[in-house]
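Q: So the chains spell out like this:
2 protein chains.
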Amino acid sequence: MDNYKIDQVALQSGLTKRTIRYYEEIGILPPPKRSEGGTRYYNEEHIELLKRIKYTKDALGLSLEELQHFIALSNLIESQKVSFKQTAERTEQREKLLSIIDTLDEELTLIEQKILKIERVKEDLTNLKKRAQSVIEKFNLEEV
Amino acid sequence: MDNYKIDQVALQSGLTKRTIRYYEEIGILPPPKRSEGGTRYYNEEHIELLKRIKYTKDALGLSLEELQHFIALSNLIESQKVSFKQTAERTEQREKLLSIIDTLDEELTLIEQKILKIERVKEDLTNLKKRAQSVIEKFNLEEV
DNA sequence: GTGAACGTTGACGTTAATGTTACATTAGTG
DNA sequence: CACTAATGTAACATTAACGTCAACGTTCAC
Numbered sequence: 003m004d005n006y007k008i009d010q011v012a013l014q015s016g017l018t019k020r021t022i023r024y025y026e027e028i029g030i031l032p033p034p035k036r037s038e039g040g041t042r043y044y045n046e047e048h049i050e051l052l053k054r055i056k057y058t059k060d061a062l063g064l065s066l067e068e069l070q071h072f073i074a075l076s077n078l079i080e081s082q083k084v085s086f087k088q089t090a091e092r093t094e095q096r097e098k099l100l101s102i103i104d105t106l107d108e109e110l111t112l113i114e115q116k117i118l119k120i121e122r123v124k125e126d127l128t129n130l131k132k133r134a135q136s137v138i139e140k141f142n143l144e145e146v
Numbered sequence: 003m004d005n006y007k008i009d010q011v012a013l014q015s016g017l018t019k020r021t022i023r024y025y026e027e028i029g030i031l032p033p034p035k036r037s038e039g040g041t042r043y044y045n046e047e048h049i050e051l052l053k054r055i056k057y058t059k060d061a062l063g064l065s066l067e068e069l070q071h072f073i074a075l076s077n078l079i080e081s082q083k084v085s086f087k088q089t090a091e092r093t094e095q096r097e098k099l100l101s102i103i104d105t106l107d108e109e110l111t112l113i114e115q116k117i118l119k120i121e122r123v124k125e126d127l128t129n130l131k132k133r134a135q136s137v138i139e140k141f142n143l144e145e146v
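Chain order of the listed sequences is A and B. At position 5 of the first sequence (counting the first as 1) the number is 7 in my numbering, and the numbers step up by one without a gap. At position 12 of the second sequence (counting the first as 1) the number is 14 in my numbering, and the numbers step up by one without a gap.
Calculated directly from the structure, the hints in this document are not laboratory data. Some hints could be false.
The list treats identical chains as interchangeable, and a pair is accepted whether it falls inside one copy or across any two copies.
To be verified - Derived pair list, reagent style BS3-like, types lysine-lysine, alpha-carbon separation capped at 25 Å:
#  : residue 1 : residue 2
1  : K140      : K59
2  : K119      : K131
3  : K87       : K98
4  : K119      : K56
5  : K132      : K59
6  : K7        : K132
7  : K87       : K7
8  : K87       : K56
9  : K124      : K59
10 : K59       : K119
11 : K87       : K131
12 : K56       : K124
13 : K7        : K35
Kindly generate the complete structure, drawing on both the sequences and the hints.
A: Here it is, written out as structure tokens:
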């Protein structure tokens with residue numbers, strides 16, 4: 003039936019009810035339909051979006067503001083899918099799409115940089131580990 | 003001379019003076035020497051540590067509390083480097099080091115998971131980009 | 001149709017991580 | 001030594017991202 007109440011959504015998305023309302027409040031989750039009495043009824047898309055929000059946030063550690071930006075992009079593309087007949091509109095749309103692609107490219111390089119950073123931290127940790135291991139070895143040698 | 007005042011340190015580490023004092027306050031930066039009047043004098047190690055803190059924080063998005071843990075680990079290893087003569091102490095130390103290594107392994111798997119997550123997000127973005135590009139192509143085809 | 005469980009709004013609380021401001025001392029400079 | 005720039009402490013302010021609680025309306029299973 004596609005009609006989830008907030009408790010269900012919380013369960014499935016792994017977020018709290020408060021958080022879900024908060025996300026709606028700050029505009030990163032589109033307001034769902036309401037019942038007569040005001041109860042929120044969500045659908046699959048809401049849940050999917052929330053999952054992706056959580057995932058992306060966890061992965062990149064972005065602020066919600068930055069996430070907003072992220073989500074806006076994917077919505078923009080959706081909205082551009084319709085094809086227009088007028089050449090003028092088409093040109094305009096192509097421009098829009100090209101600029102979206104630019105933005106995406108920027109995001110992608112940011113992500114790559116982030117991966118590099120993390121890999122450097124990983125190296126640091128690996129070195130730490132090696133040092134610890136070599137200290138142990140030293141002990142073993144001393145032990146005659 | 004190795005005697006940097008806080009302004010220098012702020013510049014080199016990319017943190018603000020306030021933040022540097024704060025880090026000292028909460029214990030993730032060891033208190034530097036002070037002049038007669040109380041002025042803090044830092045050395046290279048402080049700066050290096052601050053840089054690493056910033057770097058790690060940026061990369062992993064850790065809270066300062068988690069970072070504290072991280073730093074504690076590397077200090078622990080340093081402190082274990084001295085070799086002890088008594089077998090008893092040596093055994094104890096080996097245990098300690100082994101448990102440090104365990105912890106490091108845990109951190110490392112966490113980091114690897116994080117990288118995987120980020121790569122999934124990257125994929126998402128790449129798909130978005132592809133979709134945008136295919137919409138553009140559709141336009142080009144329509145344009146006869 | 002009624003009571004328990006659930007939902008809503010609103011407001012205030014919380015924590016981390018600083019920013020900001022005020023005011024007192026101290027440190028370098030001509 | 002006088003002056004200015006830098007530093008110190010202290011305390012209050014702020015922002016994000018929720019948590020918590022109160023007061024009250026809604027749903028739903030029986």
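Q: Does each hint hold? Answer for all of them.
A: To see whether the hints hold, each was checked on the structure:
{"no.": "1", "hint": "K140 x K59", "result": "neither (43 Å within a copy, 33 Å between copies)"}
{"no.": "2", "hint": "K119 x K131", "result": "both (19 Å within a copy, 24 Å between copies)"}
{"no.": "3", "hint": "K87 x K98", "result": "within (16 Å within a copy, 72 Å between copies)"}
{"no.": "4", "hint": "K119 x K56", "result": "both (22 Å within a copy, 11 Å between copies)"}
{"no.": "5", "hint": "K132 x K59", "result": "between (32 Å within a copy, 22 Å between copies)"}
{"no.": "6", "hint": "K7 x K132", "result": "neither (51 Å within a copy, 34 Å between copies)"}
{"no.": "7", "hint": "K87 x K7", "result": "neither (41 Å within a copy, 66 Å between copies)"}
{"no.": "8", "hint": "K87 x K56", "result": "neither (38 Å within a copy, 52 Å between copies)"}
{"no.": "9", "hint": "K124 x K59", "result": "both (20 Å within a copy, 13 Å between copies)"}
{"no.": "10", "hint": "K59 x K119", "result": "both (17 Å within a copy, 10 Å between copies)"}
{"no.": "11", "hint": "K87 x K131", "result": "between (63 Å within a copy, 23 Å between copies)"}
{"no.": "12", "hint": "K56 x K124", "result": "both (24 Å within a copy, 15 Å between copies)"}
{"no.": "13", "hint": "K7 x K35", "result": "within (10 Å within a copy, 59 Å between copies)"}
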